[in-house]
Each structure stands twice: as C-alpha cells, then as structure tokens.
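Generate the whole structure from the sequences, applying the supplied hints.
Those letters in the first sequence? Residues 12 to 490, per my numbering, in order.
Note that these hints are calculated values from the structure, not bench results. Among the clues, some could well be false.
Cβ pair distances, simulated, as ranges [as the list claims (entries may be wrong)]:
no., residue 1, residue 2, range
1, 170, 457, 51 to 59 Å
2, 451, 57, 26 to 34 Å
3, 231, 178, 18 to 26 Å
4, 302, 432, 55 to 63 Å
Virtual Cβ for every residue (Gly too), placed ideally from N, Cα, C.
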Amino acid sequence: MNLQQPSTANSPVIVWFRRDLRTSDHAALSAAAATGHPVLPVFVLESGESDNGSASRWWLHHSLVSLRKELAVLGLPLVLLRGGALEVLLGLCARSGASEVHAHHQYEPSDAEREEKFSSALSMQGIQMHFHPGTLLSEPTDLRTGKGGPFQVFTPYWKAFANKVRTQEPLPSLDRVRSFEARDIGVSLESLKLLPSIGWDGGLRAAWNPGASGAAKNLQRFLAGPVEHYDSQRDLPHVQGTSQLSAHLHFGEISPRQIWHAAKATGPTAAPFLRQLVWREFAHHLLHHFPHTTDKPLRPQFEDFPWDGDPSLLSTWQKGETGYPLVDAGMRQLWTTGWMHNRVRMVAASFLVKHLLLPWQEGAAWFRDTLVDADLANNTFGWQWTAGCGADAAPYFRVFNPTLQGKKFDPEGAYIRRWIPELQNLSKRWIHEPSSAPALELATAGVTLGRDYPHPVIDHAVARERALDCYRRMRMNNQ
DNA sequence: TGAAATGTTGGGGCG
DNA sequence: ACGCCCCAACATTTC
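Below, the structure written as structure tokens:
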C-alpha cells in the first residue's frame, strides 16, 4: 500500500537539528534548501539523552537561542518539540505534510541502528529520511588497519588519516531560504527547562558564549595568535593557549572542517593543532567499533581490576579538596566554569584512578555531569586512556605526580591562585606542596592546613606504591 | 601526553 | 702532578 502523501511544491522539507546547531556548512540545511521547498527546522529534546548533565543542558539552552537568531537571518523559524524523536517527527510530518527530512549523522552507540530505524519507519509513510555526514572529518568506518580491523593506536591511525582523508571545503553560505509557516507548532524554549532553577550558572555565563558566533570568536582568537605556539603553550593551564572550541564542537556550532580549513590556512605552524583534531576523530572511531567501552574497559584484563579505594573520597575529589593544589584547582575550575584545561584533566583523572583507586567510570560520569563539552566518545576515550585500560593507553605504571606536574606546567602558581584563593599568598616555592611548607611560610601566607586548605588525603609515595602493586597483581592474575 | 631509581661521566677540590 | 672522591648533570632502566 502506498501511503505517500501528495507532495506539492508547498509541502515543507524538515531539517532535524541535532548536535549540529549552526546554519553554516550545514549539509542537512543546504540539502533541504536546495530542494526549493519551504524549509521547516526543528529541534527535538529527548529525555534520557547521554549528554544531560546540568552544565550541558545550560549550554544547549543558550545554543538554541543562538540558533534561533541565526535561522531568523535566513528567514526561518525554529520549532522546538519534546518527546521521542521518531514519534515527534512522524507527527510533525503528518501535520505539516512534509515528505522529506534531512539531518546529520551522529555516532554514539546505537545511533547507526536508530538511524536505520528512522529511515525505514519514515519511508513506510512515504517520507524520505536523509542522514548526512558532517559531524566528523571522516566516517568511523572510513579507515581500517592493513588487516582490515579498527585502529587501536593513534600514530598509525594518524598516518592513515593523513594519507586517505581529504577534507572538503565548507559549503557555500546560504541566502534567504524559503520558509514554512510554522505558527502554532512547537513549544517554548523555556518549557524545555534546560536552565538551572537556582542560579549557579554565573561562572558558566562569565566563561562562555554558546552558539556559532561564540565559536567563531574563539576560533578567530586562537588563530590570531595561540595556534602559533600551540605546541609549547597548550599545556600551561593559566595561559589561554588552547582553542576553547570543545563545547562548540560538541554541539556542532562549528563544523570540524570549518576549523580544519581555517587553521590550515594560517600555515604550517597549525600542524600540531590539526593533529589534535584528529584525536577527536580517533575517539569516535574507537567508540563506533567498541561501543561497550562507555562502561567496560577495552582491554579485558582490566575487567576485575581492584578499584577498591575509599568510596567516600569520590566527593572529596569532586569538590576539589584532595590537598593537592593542581588537582583541586582543576576540579574547582570544572565546577565553576564547566570546563577544565586538558593538562589538568589528565592529572585530576589520574589522581582519581591511581591515587584514590576509584573506578574510572565514576570519574567519567562526573565529567559528563559537569563539563559543558561533555562528549561520550572523547570522554570515554580520555578516561580509559588515563586508567590504562583503553586504546593507546598510558602504561599503568605511569603515575602522575600532581606536585611535579604543578611545578612544571604552572611554575608561577598562577593557575592555583586563580582557583584556590586560600593559597593566594603562598610563594611559588610552596604553592604546589603546602603540606611540606615550613610553618613560618604557612603562617605568613595566612594558611592553616586542615582549616583553610586540606591536608593531602593520601601521601603521594604511598599512593604510587599501592597503585603499582595493584597493577603487578593484575598482571600476575592474567598470566 | 611520567616519575623514580639506578647508572655513568666528568669537572674540580683536595691531600 | 697525580689519584681519589664527591657530586651534579645527564643517561638509562625500571616501575
């Protein structure tokens, strides 16, 4: 039976916005516009989405505000709906008489299967569903090892990427687009309740400007200077030496190929930064081929690793009260701004799994809850890398010394002072190890350990030995 | 995209 | 002048 609705020149084409909240270099929007039909942009808030931490929801709210403005420039509305996307889209097609839906692919576990399901369910109703690439520079299945399997080590992946992937130029920008009259359809942005009910979001507002224009601004700032010294400065947490694009990229407010081409145009010095973009590709490649790694270690010998640290220390870590300044500064930066410098992420994450012996899954969950850039693929990859149980992983015996990392990457203590004001007046000699500072130094700086700033929750040398011991035991058990 | 322990070397103080 | 020792600086190995 043919259920196809009569498609007229006035029947709309729906653009289903997902994590691609931009109007430039937007394959789905461009394809819809090219049909000549009126275009109906829609965003569907689904419950139970993986990125539903409060910080992430805050970002989404403001990103939708921004998208609505951008669409208005093209003469388009943005319809907001909530519920299961399939039901919602079917309903919207029926109501508006649409016969085509365009969207970008997404790449989290079960997305591929789900997109299959969408395509067939919609085609049953005579509606064409088109999923476009555009969220990544390469599809997760594009690159294969010589043996035909997925990569598990970055360097060979990087080589294959450099050899095979040709990144297209971004799409030409759109002029006005024919719009579909969407009156009386959809709900208000406020009713999505994405904003926090109590005002804890001041730090986020001060730090970020969600949306495509904020993304463009960060890219421009980065390419105007920091990109040149990226290799040496990206590890300094008190310097704005990184692109600050992670959250914008996660929500698709800017496309990876826009970044790729803009960076490349600045010359050969952009190479280290471009390589960093390919880590994102690698993380998505891994998650696609090993979807179970969101909660299980990639390397099976870690299945029953004894993560038997004191569970009460999880909240100590979350609050930034471990007594190790670099770890605490990072955790407080995260809580306040929804973001943490990457070098500090490595140190703070290593501290949770190796010093505190708490499961990396707990850390990953906390990061998903609090990061504005919370991204399942990147986050999963990063945590497994840190714990030593993932792809291209840090060997387990590589235990970061948070004090040394502080001295090395924050030699003046500027980052510590920014996020731990109670240590403000401690000299750079002692700011990374207040618990070793002479009593006079502490007194002069007005710091009483245990009152103003905590004693270390565990001694570094002791923790290191304990972690190495667990590793040795695991190796024994797997022989 | 470590850190700590251990090993090696070479300059200089000193008898 | 010579050998001995100390130890800082660097290199290598181990976890």
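Hint-by-hint comparison with the structure:
1. Separation of residue 170 from residue 457 is about 54 Å and conforms to the stated range, judged on CB atoms against 51 to 59 Å.
2. For residue 451 and residue 57, the Cβ-Cβ distance of about 59 Å falls outside the hinted range of 26 to 34 Å, so the restraint is violated.
3. Checked against the hint of 18 to 26 Å, the pair residue 231 and residue 178 passes, with Cβ atoms roughly 20 Å apart.
4. Range check, residue 302 to residue 432: about 43 Å between beta-carbon atoms, so the 55 to 63 Å window is missed.
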